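Q: Using the sequences and the accompanying hints, generate a full structural model.
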Amino acid sequence: MISGSVVPLIVALAGAPLMQGVIIRTKSVIAGRTGQPLMQPYRDLWKLLHKGAVYSQTTSWIFRIGPVVGLASLLLALALMPFGGFPALSAFSGDVILLAYLMALGRFLTVLAALDTGSSFEGMGASREVTFSALAEPALFLSLAALARETGRISIGPLLTAVSWSVWAHAAPMLGLTLAALVIVFLAENARIPVDDPATHLELTMIHEVMVLDHGGPDFAMIQYGATLKMWLFATIIVAVAAPWHSGNRWIDTAIGLAGMLILAIATGVIESSMARLRLLRVPQLLLVAIVLSALAVAL
Amino acid sequence: MIKLLVLIPACAGIVAFFVGSDRIRRGLLISAAVAHTVLSLATWVVAPEPAMGAWLAEDPLGRLIETLTSLLFLAVSLYAVAYLREERSQPHSDFEEGFIFSNAREASFTGCLLLFLAAMTLVAVSQQLALLWVAIEATTLASAPLIYFHRHHRSLEATWKYLLICSVGIALALLGIFFLAVAGTDPDGSSIGLMMQDLRLNAHHLNVPWFKAAFVLLLVGYGTKMGLAPFHVWLPDAHSEAPSVASALLSGALLNCAFLGILRAQEISVAAGLADFSGRLLLIFGLLSMAVAAVFISGQTDYKRMLAYSSVEHMGILAVGVGLGGAAVFGAVLHVINHSLTKAMLFLVAGNLLAVYRTKNTGGIAGALSVMPVSGALWLLGLFAITGSPPFGPFLSEFTILKAALDQGQTLVALVYLAILAVILAAMAAPALAMVQGMPSEHVVPARSRSAALNVVPAMLGIVVFVLGVYVPPVLTRALRQAAHLLG
Amino acid sequence: MSQLINSVLVLLVLTGFMLLGSSRLAACIRVVAFQGVLLGLLAILMQHGELTVTGVLLPLSTAVVKGLLLPWLLFRAMREAETVREIEPLIGYNLSIIAGSAALVIALWLGQRLRLPTEPPSSLLVPAALFTGLTAMIVIVSRRKALTQVLGYLALENSIYAFGTAIALRLPVLVELGILLDVFVGVFVMGIAIFHISREFEHIDTDKFAAPTNQPR
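Protein chains in written order, with my numbering: chain A, 1 to 300; chain B, 1 to 488; chain C, 1 to 217.
Derived by calculation from the structure, the hints in this document are not laboratory data.
Here the structure is a predicted model, which is why all the values come from computation and not from measurement.
Beta carbons: idealized from backbone N, C-alpha and C, even for Gly.
One should not assume that every hint holds.
[As the list claims (entries may be wrong)] If the Cβ cut is set under 8 Å, some of the chain B residues that face chain C in the computed set are:
hint, residue
1, Leu41
2, Val168
3, Ala181
4, Asp407
5, Thr411
[To be verified] Straight line, CA to CA, 30 Å or less: simulated DSS-like cross-link-like pairs of lysine-lysine:
hint, chain 1, residue 1, chain 2, residue 2
6, B, Lys161, C, Lys208
7, B, Lys161, B, Lys360
8, C, Lys208, B, Lys360
A: Laid out in structure tokens, this is it:
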């Protein structure tokens, strides 16, 4: 099973916080500020790791394992992803489903940990998160199904490497729809505007942040890092579908992949700066649109 | 010559919009109507040549409906001139709710009337089905402003319903026509086309599933326009809120034109050997229409709505007649004539009653025989005629259909048919009798001061209906037989 | 060529969903206008490269009428009616989109069942046309405002036109022009009616037509 290369995993582990840094920097620049340094997320993680954590007496062991399981599931999921010219660390037939469910597991434990605190704010955030994920997951599945049907692979590694410009040439509408759906899912799952504002301080408007409000110290570090890893994971899929250059040389492909991630990060920053957050009632509609787009892609 | 039939009313209609003087405009209306009728009658003597590459031609069925429309229009336009003169001189306060409203410009009314006639003529002479569709949609568009003559909210609502429901229905009919074109297309790309004569000749080549779907869509689409249940919901509002001139034309002429669309489809169906399928559908919708009409006529207190539902009923009878096939088709085509004349007369008389008594409620009118003897008598006799009593025309045609049903062994259909007719007779006779007899109730406008034409025209129509009840001239019988022959 | 037709059809289906999900009247009008333009493009593409004068002129005029003239009329009606610019549907937007998805499934199924005698260049033609028709019916039935009912009627006509191009119907020029004229005059008359409705009722909610007027005029 461990047949592939460990390079994608290392690149992900190293580069994920940088991606977040790029997004934050882009938003700051567009807003007219200089913004925080690109390496700031790393420093933040380092700082958090050295802090202590306070655990409320109302919480139980679930509260403590929540962040751990979340990070662990994401690491496992990343092991399945390829990057650039390098194949995934582990690949087997049908691991697409494992991928989706690992992410679901992480989310599930985060939600449980939030509910475990007994606070109504976390409960509110948890219910919102779960509602939106319930709508985003079919879109993700359908998009992956459409890609799987087109390339004939059901293992995420080979699937992503199989997408190439020739596939675009004869199935452009379908791939276009899939890409649109995946972008919407990307924005939803990573709590980006227009679904959620990651920089909000108002608890009533939070969705993702409020779930993790009570975590501190190393737990919070694990959660933050996990969030960046999730973003990296989705970004890999999008870049693989949108910019499927395969030059044959692994390092060139990796460089192209990294460039793609950078562009995607800047684009996300631009999207976040140019739109306002959707009203909560409208988010399900957006996700429904994603489902419809991906369903249409499957039907084509 | 056929082109003249369409062009004369069309040009007159466009000119009428710009004519300023009322008298000249009314004169234009009458002269256009007379010219049109003369031409129509001439086509019986001298068969006109097909025009526009045989797209416009007269076949027996089309000629019958076209002449009927023309005669009806002439009668109605004579009435309309007197009606418009009366409308000018009265203040307009609504009878039901008491507010003041205005009328539309008389120029637009007259113009739309003439354009309406042009469109209906085009329907009757079209031999190309897509052109037929264009003409039927044109009739919807030309007649909508007529309904909105009295400018108030009820008539506006009626106009909107009419516009939207009929347009949507007719759009479905367009899809049906496209399906028909597909049914006539071979895999190698050659197609029968949409000309009636080609379709009649090659009907057995049609792809059956596509044709069946096409027929259903055409039935639903044109049935909406015709007033078959359950698509009739626009009819009661439109026919009761429109001025009686427009109602007479809508019920007497427009419904026939929509029926013509269905008849064309039925012709093809018979030629393709699918008469069972289409006949059964027509029978179902026909009986449903009659039943729905019976339910809504019972206890109806608005006499114009009562007449409107009666139109629904008679359209149902027509559908039943054509659906049964054989001798019933002859009865149905005869019924087209009888119903049109009788219903037009009734609507014109209803207009008189409305103008004198200022109420649409059947309970509000009494003693019509003493206040307005001619109109009152016509109202009573007309209601008896429309419900199928001898010795009037509709009795003959309805009886023919009934007899054909029994001859074919469709006793259940015949029983339901008879039962519904009986219910409608009872439901309509009671208010009619109450309206004409008894002590005269309050009426605002003295009946004697109104123009004589308002009474003479309906009287003429009534006499024709009576005559048709006792004697059908051989010319007519021959024409009816020719028309019915195409429909099986 | 087949790819291009496919892309146009996918866009057509997306416009159907946009029509169901838009909450702004102006957006809906633009969506239907865009549909008209797409259909003109589709008609030209379906000529399989053999371009005749009428073959280009007719779809072009259709695109101009449906893409420019009719929206202009409708925008005028919207402004003169001074209505609330938001659609107030009878069945919320989410449910409308779900209904649209159901309509898509039905359209795809029907497209399988109804085999055209000549193979169309794209297997998505008939389903796209049927889908547009079904969404048009959903819009007509579930929207209150008179203006959106007109939009639904336009979308229905668009779907039938799409079906017409799908079966490569070669209707005579006169008839095509007649149909186009009918649609144009129809919308024109409906626009005038809407203007009257707004003046008479001070709103264009067809739901509230039957409410009793509360003061004599």
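Q: Each hint: holds or not?
A: Cross-check of the supplied hints:
Of the supplied interface hints, the one on Leu41(B) is violated, with its beta-carbon coming no nearer than about 29 Å to a beta-carbon of chain C, more than 8 Å. Nearest Cβ of chain C to the Cβ of Val168(B): about 6 Å, under the 8 Å cut. The hint holds. Taken as an interface hint, Ala181(B) checks out: its beta carbon lies about 6 Å from the nearest beta carbon of chain C, inside 8 Å. Given hint, Asp407(B) at the interface with chain C, is violated; its Cβ is 39 Å from that chain's nearest Cβ, farther than 8 Å.
Annotation: Thr411(B) was flagged as interfacial toward chain C, and the flag is violated, the nearest CB pair being 38 Å apart, outside 8 Å. Restraint check for Lys161(B) and Lys208(C): the C-alpha separation of about 13 Å stays at or below 30 Å, so the hint holds. Proposed proximity of Lys161(B) and Lys360(B) is supported: the alpha carbons are some 21 Å apart, at most 30 Å. Only pairs whose Cα atoms come within 30 Å are accepted, and Lys208(C) paired with Lys360(B) is accepted, the gap being roughly 23 Å.
Figure legend: structure checked against the earlier numbered hints; hints not met, in rising order: 1, 4, 5.
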